[in-house]
Amino acid sequence: MRSELRIYNTLTRESDIFKPLHSGYVGMYVCGPTVYSNAHLGNARTYVSFDIIYRYLLHLGYKVRYVRNITDAGHLEGDRDEGDDKFAKKAKLEQLEPMEIVQRYTLDFHEVLKQFNTLPPSIEPTATGHIIEQIEMTKKILANGYAYEANGSIYFDVEKFSAEHNYTILSNRNLEELLNNTRELDGQNEKRGRLDFALWIKAKPEHIMRWQSPWGEGFPGWHLECSAMSSKYLGNEFDIHGGGMDLIPTHHTNEIAQNLACHHTQPAKYWIHTNMLTVNGQKMSKSLGNSFLPAELLSGNHPLLDKGYSPMTVRFFMLQAHYRSTLDFRNDALQAAEKGLERLMNGLQMVEKLKPTGKSSFSVQDIKEKVYKAMNEDFNTPIALSHLFDATRYINLVNDGKEQISAADLKDLQEFMQNFVLNVLGLKPEEANAGALTDDLMQVIIGIRAAAKGKKDFETSDFIRDKLKEIGIEIKDSKEGTVYKIG
RNA sequence: GGUCCUGUGGCCGAGCGGCUAGGCAAAGCUCUGCAAAAGCUUCUACAGCGGUUCGAAUCCGCUCGGGACCUCCA
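First residue of the first sequence? That's 1 in our numbering, and the numbers climb one at a time after it.
Rather than coming from a laboratory, the hints here were simulated on the basis of the structure.
Every value quoted in this text rests on a predicted model; they were computed, and no experiment measured them.
Heads up, a few of these hints could be off.
DMTMM-like cross-link-like pairs, simulated, lysine to aspartate or glutamate; straight-line CA separation at most 20 Å [stated by the list, open to error]:
#, residue 1, residue 2
1, LYS353, GLU296
2, LYS373, GLU415
3, LYS355, ASP306
4, LYS456, ASP439
5, LYS269, GLU4
6, LYS307, GLU338
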């Protein structure tokens, strides 16, 4: 009997037993990127974390609708009504149409996530594609009395809302202190309250992205799109809402307020938040200028890297930490992850070659249960991995004849390893980086070397090995024969 | 300034009242013409000082580090 899945819920600040609203089905909404520049590794960590959650839920047999938006409009520089939106600003900078920016960085985002082997979401809606829904929602919040119009813009009335609801339920902040500590910002005279935020913003003449609304031409506030799209595709109440931890105090807080003000329901039952990727102990972010781009990672062309690393190495590196802990991105940690991943993948290959040896001397069932237990405790991938490494050690010991495994257990273990490593953790073997022709050539060379070795002509065989090494091809002799590795 | 999180062996990272993960590195061994690779084995830490407890890395207090949020951010 397996343990039940528990998820740490930011809303309750406890690990809650996961029970979907509709048995067998899961609705999950994750806040996607604002596509105004290249996705960096910090962004990737969040989506890799949710990819694991998505994959595991699928693995458990749930039918999951995974919605992840693309923010392509209405995201202001600062929470100021006079701010340009990010796309228009960047567009001016590069002399491009805003939607050109959106397209470029949406493609980049998809490319990055594909490299990290994340599964695409079921629906990937865009903010610009849901202007009508956002206007409708604004109208309804106005009608319900939780917003007001000021000079063509619509603001959410936090004071009114908090008289009836706990506005800071998610962040657990003290509302009074928030009110007193929020910085005085310029150009805020339109707002009645310091914490009020825009649902709809009146377009200034210089704004390129604008839509017609009952309040004149404008564009939606950032927080509204997620409320509108999650309601549309998952209903007013759904199971999981996720995002980075940095979204808790503002974005998600406001989202909850909007949903309550509009639909009178709290949108999600479980709020999951992933922690940040740090560099030298500091959060990786575009504004701090310490971000790593996937291209820099692959090439190793970055002052903090000694060499390039594959996306799978980074995925594995991320899996070695829990999603709610910060993770520091460092060259030597990556180096360690590279070796670790190789060990795990070797184990995965090895288990396929194993032959049953009679009665099992260890319990496959036990390993499996430990792995599931770890995953059921708030998706604890580091612990799951540690048991997978235990399994790997047993696999190697069976290969050495020091442990025994029965035919049934072997089949079980093979299926489990393949399924878990490949499908749940989403790790895939590095693609052979040699083409067919190269491989044929290598077989010829290896054959010549083997012949020389057979004649004890070690001078020739060592010459071949050394020369290949010079051009970056490593020769390894093993019991099963000689293999090569490029790079 | 306010709110909150955090400090684990040479490094990365789990654990969060008793059973003291795992990976990397290191050392020894196996394999091997020699290597390399791979595999096996070994290596026991919880910032400091107090307290609670039969028992604390785990709970409480203080001190000293580090970080996040309060402003766009995953």
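Q. Which of the listed hints are broken here?
A. Of the numbered hints given earlier, those the structure breaks are 1, 3, 4, listed in rising order.
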